[in-house]
Amino acid sequence: MAYEIRLQVMSPEVGVEKSPGRPPPGMGGPPPPGMGAPAPSSSSFTKRLDTLENKTLYLVDIGFGGGYNFMVQLQKWFTKHMPSVTTVVKRKPGNVFMDDNHELWEEAKEKGHAVVLGVAG
Amino acid sequence: MEFSAKNDPRAASLPFVYTPYPAIGMSPQVLDNYIVGNDPETGTPIIDEIIGLLTKPVPTKKSPTQSPVAAEAGLPPELLEPDTEDNLQRLFYERGWTDGLPIVLPTEERVKAMLAGTNAAPDEVVSESFQFATREMVKYTVEHVAVIAVMAGARPEYFPVILAIAASRQPALMPSTTAFESMLLVNGPIRNEIGMNCGIGAYTAVNMANSVLGRAWTLMSICHGFARPKQTLWSSQGNNHTYNNMCAGENEERSVWEPFHVSKGFKAEESVVSTFMGWSFLSSTGAASNRSFGEELNIQLAVMPPLGSAATIIMDPLVARNLKENEGFTTKQDFARWMSENIKMPAGQYWKTDYIDMLVASEAYKGVEPYASWKKLPDDALIAPYNNPDNINLIVVGGETSPLWKVADYRYGGSASVDRWRALSSDDECADGSCGLPDDVTDADND
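For the protein sequence lines, the chains are L and C, in the order given.
With numbering that gives the first Met the number 0, letter number 43 in the first sequence gets 42, and the count goes up by one each step, no holes.
With numbering that gives the first Met the number 0, letter number 154 in the second sequence gets 153, and the count goes up by one each step, no holes.
Just so you know, the hints here were simulated from the structure itself, not pulled from any lab data.
The reader is advised that the hints may include incorrect statements.
Label-pair distances were calculated between CB atoms; the ranges are [unchecked claim]:
| hint | chain 1 | residue 1 | chain 2 | residue 2 | range |
| --- | --- | --- | --- | --- | --- |
| 1 | C | L90 | L | T78 | 47 to 57 Å |
| 2 | C | A112 | L | M97 | 43 to 53 Å |
| 3 | L | K108 | C | E80 | 50 to 60 Å |
| 4 | C | V205 | L | P92 | 32 to 42 Å |
| 5 | L | T78 | C | D379 | 36 to 46 Å |
| 6 | L | V87 | C | G366 | 20 to 30 Å |
| 7 | L | W104 | C | S401 | 39 to 49 Å |
| 8 | L | P92 | C | N118 | 19 to 29 Å |
| 9 | C | G366 | L | T55 | 28 to 38 Å |
| 10 | L | D49 | C | P369 | 18 to 28 Å |
| 11 | C | K374 | L | V87 | 36 to 46 Å |
| 12 | L | K110 | C | S372 | 28 to 38 Å |
| 13 | L | W104 | C | E107 | 51 to 61 Å |
| 14 | L | D49 | C | E80 | 52 to 62 Å |
Ideal Cβ placement from N, Cα and C applies to all residues, glycine included.
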């Protein structure tokens, strides 16, 4: 016996109605309380540096588990292999998923030359 | 820092470097190896990528909010090519459209029959879901949900509940590397109309409605939520509860307290589905015969420090009756308040819990109470972390063969009306009080 099967709804990649959207942390619907993702920034980024030599690099932990230790190890790598680079390890204040801390970003702009932000997952 | 410059190739969009995972819980040596090791996406040493991305122009990439698939998608075929049942079952499985179990193939005839279970138009939008792969919101209609209902094995009379689950817009599966689990609770007349089990073995795999409704939620997440391992499913161990998401009805008839949906503002005669989500679940081994129920909860909840005071206690009707008649908790709110004040754990145990440190410590540093005060306490000081009794969910399910209970860290996700999706409103159906009776005898019945 042969069956005819409705394909359309089975696989979003083959085309149910689509519209642009922003990602909540879940697969659909509103995010869990306290875990709402902010709207993505539309800001452009600063020009890349020509070199890291004698520059100050901010290593910013976003607050996700394991991120701070990763940045500490990254700092140790720079201390050993590129000692002219000054590194500053910071943990982003506030909730890992929600708060966008302007004081830290202003500090990085004023005192630093570049930022490495992480680690998620 | 140097100036910002739009349209400058040296000021391109945010570049990403991918480390191996996980970072959490790894030793310094492992993290060192990550740093000098290769990016799993590119095969390039991570430290070289970091230095390169900070010092070299980055090619401009498409904005992450663009939707390349939408732009490229053509008109999809309406139907799969006809084939044998075995081949189609295999195709569904191999394309990742099932939960691993055989499904009921959603033929047009079966989908049409399912649509008879609701008054809603087939093209009415029920929900929308974010697609991580394409970064789009995808809308789903009543007909789309009917396909899922058929696949799960639902009868048309289950369909209003499945539509309510879809309308809740809560996913059963989450893309976290942790092992999320979800729960469905059904309240109101629909439970009995479709034969849900709220009593003996309500959480045992024996009842069609309980099994199918919970399965439909997961199939929605798989098909509509586009859940795919290593794309949008990253849970290291996964969670077996997602096969039917702890779906049951509340035993309202045997409970001494108001039904759960009534405590959320619905009328008792309304039919409602409620969703819950969390990580930890503990089923009592025996009854509270040597310690009080409250003492037992104090021991069990101490192993799962709560986020936002969330807890869900599912108790047999015998437990609720004992709490009311012998311990004086007239309402479930009375008992939730007692729990809130009396369930204690050491501050050090609370703050050294990984997810508490990650998600709650920031609130303490911002001065939010009671977290700020708890943060100042010595490790051995006792705190009452279930500080908000409104977030303690008390549910009555079971068949009164033993006064057992289940404890979970589930938070309440929300409730959705089932009546909204019925084929006929409950009021119309039961206007003369004859709800649920067989149809009038006809000549055909006498043939």
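The hints, checked one at a time:
The hinted range of 47 to 57 Å is satisfied by C/L90 and L/T78, whose Cβ atoms lie roughly 56 Å apart. The hint said 43 to 53 Å for the Cβ distance between C/A112 and L/M97, and at roughly 45 Å that hint holds. For L/K108 paired with C/E80, a C-beta distance near 59 Å keeps the hint of 50 to 60 Å intact. At about 51 Å, the CB distance of C/V205 to L/P92 disagrees with the hint of 32 to 42 Å.
L/T78 and C/D379 have their C-beta atoms about 38 Å apart, which keeps the hinted 36 to 46 Å range intact. Taking the beta carbon of each, L/V87 and C/G366 are about 25 Å apart, inside 20 to 30 Å as hinted. The hinted window of 39 to 49 Å between L/W104 and C/S401 is violated, with their beta carbons roughly 58 Å apart. For L/P92 and C/N118, the Cβ-Cβ distance of about 51 Å falls outside the hinted range of 19 to 29 Å, so the restraint is violated.
Between C/G366 and L/T55, the C-beta spacing of about 30 Å keeps the proposed range 28 to 38 Å intact. Judged by the Cβ atoms, the range 18 to 28 Å given for L/D49 and C/P369 is violated: they are separated by roughly 51 Å. Between C/K374 and L/V87 the beta carbon distance is about 25 Å. The supplied range of 36 to 46 Å is therefore violated. A C-beta distance of roughly 33 Å is found between L/K110 and C/S372, which places it inside the suggested range of 28 to 38 Å.
Between L/W104 and C/E107 the CB atoms are about 56 Å apart, so this pair conforms to the stated range of 51 to 61 Å. Checked against the hint of 52 to 62 Å, the pair L/D49 and C/E80 passes, with Cβ atoms roughly 58 Å apart.
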